[in-house]
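**Student:** In order, the protein sequence lines correspond to chains A and B. Offset between the first sequence (1-based) and our numbering: plus 10. Offset between the second sequence (1-based) and our numbering: plus 1.
The hints are simulated quantities; they were obtained by calculation from the structure and are not laboratory data. Among the hints, erroneous ones may be present.
What the hints assert, rightly or not - Computed list of lysine-lysine pairs in DSS-like fashion (alpha-carbon distance at most 25 Å, straight line):
| # | chain 1 | residue 1 | chain 2 | residue 2 |
| --- | --- | --- | --- | --- |
| 1 | A | Lys63 | B | Lys128 |
| 2 | A | Lys365 | B | Lys167 |
| 3 | A | Lys477 | A | Lys402 |
Please read all numbers here as calculations on a predicted model, not as lab measurements.
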Amino acid sequence: MEILNIKRLSFTYSGAEAPVLKDVSFSLAPGSFTVLMGESGSGKSTLLRLIKKELSPRGKSEGEISLLGKPVSELTPRESAFAVGFVAQLPEEQIITDRVWHELAFTGESAGMEDALLRRRVGEMASYFGMGDWFRKETDTLSGGQKQLLTLASVLGTEPALLLLDEPTSRLDPVAEGEFLSLLERLNREMGITVLLATHDPTRVLGMADRLLYLEEGTLLYHGTPREVCARFAEEKLPVLPTVARVWHRLGKEGECPLTLREGRTMLADQTYRTPPVKELPRGETVLEAKALCFRFAREAAPLCDRLSFALHKGEHLAVAGGNGSGKTTLLRLLGGFLKPVSGKILLEGKPLQKYGGDLWRHRMAYLPQEPAALFGEETVGAEYLLYCKNKGIDPAVAKETAARLGIEHLWERHPLDLSGGELQLCALGRLLLQQPGILLLDEPTKGVDAFAVRRLEAILRELTAKGTAILTVTHDLEFAGRNAHTCALLFDGVLTEPRSAEEFFTQNRFYTTDLSRMTHGVCATEEVFYQSIE
Amino acid sequence: MREWHPAVSALLLLALLFLSAFSTEPFVILCSLAGGLTFCAMTGGAKNQLKTTFFVVAVFTVTNPLFSHRGEQVLFYLNHNAVTLDAVLLGARIGGMLAASLCWFSAFGRVLDTERLVYLLGRAFPKTALLLSSALRMIPRASRRNTAVKEARAGADLGGEGALEKLRFGAGNLSVALGMTLESAIRSGNTMKARGFGLPGRTAYTLFRFAPRDGVLLGAVLLLTVLSAWGILREIPMLSICFGVLCALPSLGEGREKLRWRS
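Chain A on its own, in the form it takes in the complex (with noise of 0.2 Å):
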């Protein structure tokens, strides 16, 4: 018997004319491990929500949902609450309760397990995800990788048939994605719990899954083995595969699709490379400098910045890499004004920061935060736009053209808290480009952005730097930084360093480096040096 069985799905919100889902069928058998692909808004999120009862959104929905043999709407409130676990995005809003162990009891607690079994099974979690030193902590000193561990644990607490889960990763660095993941494969492998995965990002799960779904526009598009589904992707939906794949197809698509690094090195053993034109970084006239910064949050907290120094150019990508904790987003805290240096200098334009008088270098340095919503104030997007217009004395009809050139016209009316993160992240920076900022600087851009926004963002940022914008990125998407930035450094123990030109950055790296360094051996480590060696 499957476990989920979906029959002619279709749904609308209510409120909405369109349906979010069209005519939706598939299956899971039990013990399988899936992948649910698709953009945002192409009704990922919804289609998990319908699975789940309690989180399904109000409307009008057609064709059947069934679990263990049963629709949906029959299950009781018990068997639909313990029978699907449901994991989120958001680490921060999935955790309840301000201590670890009382997260882990509480769906148990709920279940109303006796004293002895929920002591067991806590105790079980605990150690299985290896839980021990932390058990005790406050849930809000836990790192975002933690955190989504726990809430995984937490929803296995009353041995879920189904587990689903939205996008949980897409907020994690590198690291903590990886253990989240292999903790998943594990649980999938092992206990034999059906995995339902919804991303945007399916790099580094295409080696566990045995069956991939591409949704788009609401409707099923592609449904088969990874390879199979991969293969249809080269045709159609080259940004979405991971770089082993799309570089597969690039080279003329002999044999299988690869899926999995290790893969990729056996395609590529053969492979001779010529070396490629040096291309010319910007030198043109600093515009930021950092002079012997120091930073640390108190008096015997480890350093985050020990006599930091570097430059920032005219119309040069900067990306700075990092591990969790590094002080990345710290050090663009400090370079923005909003924290106060121990010791150092910061130079905008050759001129000290606090010898510009109050704010009056703001618009000069604009700032994109990691959750972009936190700058939106007004009821919708448009609004905001014409709000800073009007406040600078700036022609309404540069915000119009400025949402036209990054390609937002159709969400000037939406609410930004109904944006996703891709939508949200370029209405963002279209509203900090109306303050025609010399200096861009970004916290994550792509955290929580599909492939597709992702490029699209990307567009805009080189025609930036083409225009002279300086941009300082922190991030850890290297794939990311290897397609975009002129230069790149890493952050670490407080001291950034020298930033080399990102091919020379990601070719040297072992460790923090682009899937294409590691499948060539550092011979190549951006895809546009790769093709030009090759060719």
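Place chain B on chain A using the hints.
**Tutor:** Below, chain B without anything else, positioned relative to chain A:
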């Protein structure tokens, strides 16, 4: 005392707090202050607590005679008002009573951290305790969110110069942060529902278990509390000694744990 069951420590400290707050008997005050200060010293708060004690006692000793002029032995006249020895002593006693209560109050806060409080509350009112637990989680998140909103909006050049602009900026930040908080509260509520919150027959996982030793302690604390309450109310000196023992209990308990973990 951290090894005791929270119910026992709570009962003992509350008994001490209330008994100290209802008696101006010098013997009771002295016992209470001695016990309380010793305990505070053992748990690492002696300096602050001593300061508070001296301050409170001094303030009442000085101010009481200014308002109360009754008493036989007049010390001197101030603005034609008699300052009497009785009034000074009564002030010192009231000050001592307050200082002792404060002392136990601080001891209560030191022993019963949020985890123990939520546990105790959860026994009586499970829903309220859960609410408290999630509220405790909201506070640090809200403050982080406020900073994030302020910085995001300043970075977007929405701040301005001048009082009016700053006020408008602050109000805008508050409204954004509030909106985000509401949004996240809705999501948290959904998560609770998804994990079966609200189904009948909820049980509770607890970190604390009631050991036989806790039973003995609880009995002793109850007995001593009743006897000292009686002793204090009826002014029976023999029974007041029970109060002395009660005052020494927290320090004894703490001392025993300290000894055990010394090496």
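**Student:** Which numbered conditions among the earlier hints are violated in the structure presented, ordered from lowest to highest?
**Tutor:** Result: no hint breaks.
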